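Residue numbers (the UniProt record's numbering), protein chains in the order written: chain S, 1 to 145; chain A, 1 to 145.
Derived by calculation from the structure, the hints in this document are not laboratory data.
These numbers were taken from a predicted model, which means no experiment stands behind them.
Be a bit skeptical, because a hint or two may be false.
[As the list claims (entries may be wrong)] When the alpha-carbon atoms are kept at most 20 Å apart in a straight line, the in silico DMTMM-like pairs for lysine to aspartate or glutamate are as follows:
1. A:Lys135 <-> S:Asp65
2. S:Lys135 <-> S:Glu13
3. S:Lys135 <-> A:Asp65
2 protein chains.
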Amino acid sequence: MDRFMELAMAEAEKGLAEGGIPIGSVLVCDGKVLGSGRNQRVQQGSAIRHGEMDALENAGRHSADVYARSTLYTTLSPCAMCSGAILLYGIPRVVIGENKTFQGEEDLLRSRGVELEVLNDPSCIDMMEGFIREKPELWNEDIGV
Amino acid sequence: MDRFMELAMAEAEKGLAEGGIPIGSVLVCDGKVLGSGRNQRVQQGSAIRHGEMDALENAGRHSADVYARSTLYTTLSPCAMCSGAILLYGIPRVVIGENKTFQGEEDLLRSRGVELEVLNDPSCIDMMEGFIREKPELWNEDIGV
Chain S
1 MDRFMELAMA
11 EAEKGLAEGG
21 IPIGSVLVCD
31 GKVLGSGRNQ
41 RVQQGSAIRH
51 GEMDALENAG
61 RHSADVYARS
71 TLYTTLSPCA
81 MCSGAILLYG
91 IPRVVIGENK
101 TFQGEEDLLR
111 SRGVELEVLN
121 DPSCIDMMEG
131 FIREKPELWN
141 EDIGV
Chain A
1 MDRFMELAMA
11 EAEKGLAEGG
21 IPIGSVLVCD
31 GKVLGSGRNQ
41 RVQQGSAIRH
51 GEMDALENAG
61 RHSADVYARS
71 TLYTTLSPCA
81 MCSGAILLYG
91 IPRVVIGENK
101 TFQGEEDLLR
111 SRGVELEVLN
121 DPSCIDMMEG
131 FIREKPELWN
141 EDIGV
């Protein structure tokens, strides 16, 4: 597994150990990590800190030229909110751990020129499958269904 | 002006007084305010707390049936990130103070069945025009350009 996806996966595992939703993300620019994060719905009672959003927030404020050179790694296909953040900041590339347990707005992202790489990594799939089986209500809350 | 838009405008004015970006938002369900907020880029160094996102965060965690009965008020047309959050949570109606100084993802929202009401209120327009004139770089950072 790519080392940045490994970092995203480590964030997801940390989230699971905290009793949270196991989705992690890392924002990388010029080969360096700008910020990493994980879903904070349980830990912070957050409605907006999905993994990708938490990584963007932890990365801090940046100008458009930084985002334009960045790649966002996420263990799960990005939902509408996180996809919207990717479009807002013009992040040109997203590496997705898996899209088997949930498929976000991949078509929208592609239609706007974002390059997506979907790994469908078995360890990412296993973690989400296990979580969704154990806590379906929490998962539904997180994806607004 | 609608009383909920007045609350959103009051949030925006508070943000301006704090040296921030003057965009405010209120989430309303069954005639009651669930949460209100304002852009926190300057105040909290936040990359994700646009006005609408701050209102959603301050409203706390809710199940889909609550969002399905809600209306989001925002002083400015919602960007891709905030529009994505509206879609994620299935908020069916958005009241927009103005879309003259910035037009967000209104077409996308409408194509997904979200009802939009655009007021183009002169006081909302004046506030954003004044802000953009004074701090164009901060504004560009906020909308990723």
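Results of checking the hints against the structure:
{"no.": "1", "hint": "A:Lys135 <-> S:Asp65", "result": "holds, 18 Å"}
{"no.": "2", "hint": "S:Lys135 <-> S:Glu13", "result": "holds, 15 Å"}
{"no.": "3", "hint": "S:Lys135 <-> A:Asp65", "result": "holds, 18 Å"}
Consistency with the previously given hints is maintained throughout, with no hint failing.
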